[in-house]
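**Q** Reconstruct the complex from the two isolated chains, following the hints.
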Amino acid sequence: MSNCYFSVERAGIYTTFQDSGYDFLQHFGVTTGGVVDNNLFRTANKLLGNDDNEPVIEFAYQGPKLKLEKGNVQIAITGDVHFIISKKSENYTDTLGKCFQTYQLHEGDIIDIIATKSSIYGYFGLLGGFKLNKYNSSGSTLVRSKIGPNDGRKIQENQLIEFNKESQNEKLKQISFPTTDKSNVIRVIEGPQENFFSLETINQFYNSPFTISKSADRMGIRLDGNQIISKQSRNIPSEGIIKGSVQVPGDGNPIVLMVDHPTIGGYPKIATVILNDLVKLAQLSFGKEVSFEKVSIETAENLYYENKNNLDEIFKSIKNYNN
Amino acid sequence: MIKNVNQISEQAFLLDFGDEVTREINQNVINTFNFISKKMQKNNPLGLKNCVPSYNKLLIHFNPSKKNKDELINFLNGIERLQTESSVNIDEVEIPVCYDEEFALDIKDVSKKTKINEDLIINSHLSTQFFVYMIGFMPGLPFMGDLETNLNVPRLMTPRLQVPSGSVGIVDKFCVIYPNQSPGGWNIIGRTPIKLFDKNKIKATLLNPGSKVKICKISKKEFLEIQKINE
Chain A
1 MSNCYFSVER AGIYTTFQDS GYDFLQHFGV TTGGVVDNNL FRTANKLLGN DDNEPVIEFA
61 YQGPKLKLEK GNVQIAITGD VHFIISKKSE NYTDTLGKCF QTYQLHEGDI IDIIATKSSI
121 YGYFGLLGGF KLNKYNSSGS TLVRSKIGPN DGRKIQENQL IEFNKESQNE KLKQISFPTT
181 DKSNVIRVIE GPQENFFSLE TINQFYNSPF TISKSADRMG IRLDGNQIIS KQSRNIPSEG
241 IIKGSVQVPG DGNPIVLMVD HPTIGGYPKI ATVILNDLVK LAQLSFGKEV SFEKVSIETA
301 ENLYYENKNN LDEIFKSIKN YNN
Chain B
1001 MIKNVNQISE QAFLLDFGDE VTREINQNVI NTFNFISKKM QKNNPLGLKN CVPSYNKLLI
1061 HFNPSKKNKD ELINFLNGIE RLQTESSVNI DEVEIPVCYD EEFALDIKDV SKKTKINEDL
1121 IINSHLSTQF FVYMIGFMPG LPFMGDLETN LNVPRLMTPR LQVPSGSVGI VDKFCVIYPN
1181 QSPGGWNIIG RTPIKLFDKN KIKATLLNPG SKVKICKISK KEFLEIQKIN E
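Residue numbers (the numbering used here), protein chains in the order written: chain A, 1 to 323; chain B, 1001 to 1231.
Among the hints, erroneous ones may be present.
[As the list claims (entries may be wrong)] Label-pair distances were calculated between CB atoms; the ranges are: (1) A:V295 - B:D1119: 52 to 60 angstroms; (2) A:S118 - B:T1149: 53 to 61 angstroms; (3) B:N1074 - A:G287: 42 to 50 angstroms.
None of these hints come from the bench; they were simulated from the model.
Backbone N, C-alpha and C define an ideal beta-carbon position, used for all residues, glycine too.
In isolation and in its complexed conformation, chain B is listed as follows (with noise of 0.2 angstroms):
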């Protein structure tokens, strides 16, 4: 649970849950992130601006004021001893994914460097079952893991400055798709046709952080089609 509750300005707090990246720390910090977010939601007594959850750390952003402060911190005193238990979230996303050789920008270097066949990459990726650590960097972007065979890859040495937009990049245990065109640093092996993110829509994101992810195969005859219809 809470470790730490760090104050690092005027007006932000860092839970820190430990030092690891580990799913089950993970889990404790979406916990309190759904715990605190239900009190967000009814009329905000504690002038919350943000609660922002990461891999291990939770960074809670308020409007700055000596009341806000002093609630703030009898209220994330008390989280401990309240439940926070698993308001475990049930939702479970399909996300189609197409492997062609033109949208698998980097699986060719991704292969030669790790010494997997291209096969086993995309079989190890679809029989994942995938956990959204967090969201950010850019609107709907999840950090996903943990991919079931650890391929170990680093980030690219020279990022892209342009990744197209639905590309799907691994690192390491973990995964992202990109859901804009964005500069980006992960080996991409793959692009899905459906949006995360769409301004336009009430919940504005796919997923949330969370989420149980399972990635389905296609092909560029039936990623077209759900581009268009998308559209």
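Excised from the complex, chain A in its bound form (with noise of 0.2 angstroms):
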């Protein structure tokens, strides 16, 4: 047992170790996984001035309520998320806490995260990371096929979760950080398949709104809507695939592909999200009404170029503040 650990008061509903996912794997059968929101995990290791793919905790609705019962360390929220600090040198009082800024935490203390608000994903890291036993270099938890940390689990109720170091007096940090784009206008390249709709399917496709269904967790997000019938067969031999992708199913209604997608499918793809608008879409909660919009893959390309030099320019305003 290491001597810096969080003891899990509440484990929350889908609360696991990731990175940026695995590579190198997929041909054996092995999806990529990773983060669901790639922004929010960079900025929350830029924040506490980690490596930029050192696992973090990524959480759903609601995430864990954690107990600091041996250390003290510097941690980071990122996302929109409601969470409580009760430190035990203030006798437990709670204090809302903010995302985007570091916080110390000390032995006793206890960190609630209630809930995301208006969005899905949130992250919890911390300085100098978690200590887990990775596999093929990644800390990414593959929940059904139980591969990496954890033994490939979710985190549990009363389990512990270790960390490498402790911290204390470092520099206390925060960031402002841009509310996401609350359009819900979905940009998507044509797919590969989208020769075996027809021009009025297609049509209809890009003409009439979906909703995102109760059936979106980390393998996909299915979509409620009018039917989307191929007019060819409803099957192809099956192919690789990539997160983002639209695939359509016999029955007609269309899920993109998230980050444990398995590695090949055998339905036709009307579409592909672009990557800087998945995690928008991704982060929109069920009922949310949704449509989709052609660009051309230039157009992709170059929102996924400046997104980045974008959250380049973010971190650039990482600033001490004083508490």
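**A** Have a look at this one:
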């Protein structure tokens, strides 16, 4: 047992260790996994001064409630998250926490990540990182395949979460992170099997909105709306797939594949959500309406590069603050 | 060889080797996959993240940047002239399968549908020299062909929610083995006690795309013995 760890008083709904995911394993049937929201993941590690790919805790809807049993450590939460810090030295008075800034926790302190607000995924990171058994140099948990840290499982109530090193007296940092674009237009590029669909069906796909169904998770986001029926076969010879692909199964309800997608799939794909908008889509909760807009691959690439540069600019605004 | 290089997203190309599903086309896919895999191992100058062979396509997933994209296009365009020649996979694996009633959940139905008796179905399975077209869907699951007798059985109308791990399933001329318990719609005719995916091993999968596979028949007693050793 290491000498710094939290205990888990409440695990939350879907709480896992994640980093950027697995490379070079998809041909063995192991999916990429990794964080859903790469922007928030990168920001957490930047704030804490960690390596870019240091694993963090990802939570969805309700997060975990953790007690720092041993050690002192600086932490940060990124996202749109309602959380409370209760310090032992203040007789456990609840203090509302702010996202996008670091906090110093001391032995005995409690952090309660109550819920994400108008989004789904949030991130909890700490200085120096968690102590994990990595698989193929990744700290990403694939729950369905039982691969990765924590024996490939979600974080459980009453377990301990060890971390690598104590931190104390480090400067506290904050960053002003822009509020995310709240428009419900999701941009896509043409999918590899768009020609499986009639012109009329394609127009319908782009002109009528869809609703995010309850069946939305790290594997895929199922959409409700007008059924999109292929004019050709409802299956293709299975082929390698990537996140963002909009596959259309026989029932006509499209599924946008997310980070834990199966490695190959046999449904025709009408479109691919651009990387820049995939995070936005994944953060929308069920019942929200979205509509698709087609852009060129060049536009998609430029938006991706722009977003990356913007984020690097935002990181320059990290500054110290006094508690 | 490569018929088309389609960019399907900011981070992926899908190489098209033809419309049909044949061993010849798939062997081309696998040769190209092996060629690119070797590139990936050497400090990965092209920013590749994944290379995924399937029946007649090869997915190339890369870290999106202008430089990576331009270099990848050059590299992919050059492949045809390079010799991806038969880096023929010589690995041949024997997999023991028990066809006892308790494991062969669908063999009676298959027999009824095809009007081929159970022994002939098993014999056809045993005499086939299988070839692994691809591995995927879940960790370590091989898609193998071609059954010596095309039994032409379709998928189950309603997929099972839980197929026991090690189950051997057939659909048309193909055969899969489920490495772990999983939902699935294939017709189950037997079960293997062998682990096809072991995350604790350096090489986690027993098979590779392109591997040759022979099935041998074992009794329930042998099944249990092998299972015990493998635990």
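**Q** Taking the earlier hints as the rules, which of them does this structure contradict?
**A** As far as the earlier hints go, not one is violated by this structure.
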